[in-house]
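Undergrad: Sequences are here, hints too, so could you generate the full structure?
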Amino acid sequence: MECKRCVSDDSFPNLALDGNGVCGYCRTHSDMEEAYPVSEDKLEALAGETIQSGMNKPFDAVVGISGGKDSSYLLYLCHELGIRVLAVHYDNGWDTAIAKTNMATITEALGISFINYKVDQIEVDSLIKAFLFSFTQDAEAATDLGLVKCLFHAATSYGIKYILDGHSFRTEGIAPLGWSYMDGRYIRSVHKAHGTARLRTYPLLGLADQVWYGLKGIKRPRPLYYIDYNSDYVRTFLEKEYGWKWYGGHHLENTYTAFFDYYYRFNKLGYDGRKVEYSALIRSGQMNREDALNLLKEPILTKEQQDNILSEIKERLGLTGDVFARIMNPIYRMTKDDWPTYRIHFKLLKPLFWAMAKTKRIPDSFYLKYCKGV
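End of the sequence shown = 374 in my numbering, gap-free, step of one.
Treat the hints as calculated values from the structure; they're not laboratory data. Don't take each hint at face value.
Unchecked claim - Quick list of in silico lysine to aspartate or glutamate cross-link-like pairs, EDC-like style, CA-CA up to 20 angstroms:
#1 LYS369 / GLU34
#2 LYS4 / ASP338
#3 LYS360 / GLU40
#4 LYS42 / GLU80
#5 LYS100 / GLU80
#6 LYS268 / ASP338
#7 LYS100 / ASP9
#8 LYS369 / ASP209
#9 LYS372 / GLU33
#10 LYS369 / ASP9
TA: This is the structure we're talking about:
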């Protein structure tokens, strides 16, 4: 079973097709196009609100950066709009040299203040190995949630009311809930069972944190939703104007993220993350379906990329061949449903999170995915 419009198929949990053979993800995309039309007026209005909120403060907004093209372009866009940004990076110790150079290059060129939140490497690797040794599929959850906590911490420290997100549904889409899940209780549960280090510097985001930050009025809008965001154009623009460097592929700016997205997920779980990205590009008119299907037949990583990534993962985490083979064996597999999570709380607090989504205090994608289960 597969969608006739995009490349979503039965590898997506609970894929539902309408009478025309179009999937629910395409319908959600259409809803978001209606809610977030490309609009210079709306973008400028958002910029004005953000700048107004920063009056008599050192910064107007916080932006999380990775050295990737989306966050780098968001910094440029904010600079053009006159938004005074504090850039924040969650440093898990696995950034590539190119990513580090890109972050330094773009922040220096634009005169943007930059905080690099470095987590103790023993803690990071303890979290990584806890998920790998538990055979739990969301082995990147700690990184994603750690960044969110860092952004909130920076915002509250400086009295900033806006955290601007570099996500674009037109180019990235929304990963199915069955493919990825993260919350603080989930991370704490897995690490308690399989972790080896005490978490002292890791920024764990709990449910109370999420509600508290929302009630404090910190908004999390996504400016790229209001522009005709084209991935190829952005990459070329950043390279030409700022000497920014391409790192070889989506999410390849971080070695562990690259391993998780393009090796672990594909070989152990049977998920091809490119289907989410390509489907979004098809819906946005930036790729045609036939080209996407042909690209999906090609290897995710080149042999050189794969060998380099696996070599670093095994060496740094101390994984022998036998241990790594056991981790990657598809028969050993657990999901969020095997651990205590905040899932039921998100459902019970659905009206609160709906209100927070409407006032831009949480991303719409969080509400759709965690509260409605899209």
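Undergrad: Indicate, hint by hint, whether the structure satisfies it.
TA: Evaluation of the provided hints:
For the hint pairing LYS369 with GLU34, the CA-to-CA distance comes to about 18 angstroms; that is within 20 angstroms, so the pair holds. Taking the CA atoms of LYS4 and ASP338, the gap is near 34 angstroms; set against the 20 angstroms cutoff, the hint is violated. Proximity of LYS360 to GLU40 is assessed by CA-CA distance (about 18 angstroms); at most 20 angstroms being required, the pair is judged to hold. Using a Cα cut-off of 20 angstroms, the hinted pair LYS42 and GLU80 holds, with the two alpha carbons roughly 15 angstroms apart.
Using a Cα cut-off of 20 angstroms, the hinted pair LYS100 and GLU80 is violated, with the two alpha carbons roughly 23 angstroms apart. Annotation: proposed proximity of LYS268 to ASP338 holds, straight-line Cα distance about 17 angstroms (limit 20 angstroms). Distance restraint check for LYS100 and ASP9: the Cα-Cα separation of roughly 36 angstroms exceeds the 20 angstroms cut-off, and the hinted pair is therefore not satisfied. As the CA atoms of LYS369 and ASP209 are separated by approximately 19 angstroms, the hinted pair is consistent with the 20 angstroms bound.
A C-alpha spacing of about 19 angstroms is found between LYS372 and GLU33, which places the hinted pair at or below 20 angstroms, so the restraint holds. Proposed proximity of LYS369 and ASP9 is supported: the alpha carbons are some 18 angstroms apart, at most 20 angstroms.
In this structure, the hints that do not hold are numbers 2, 5 and 7, in rising order.
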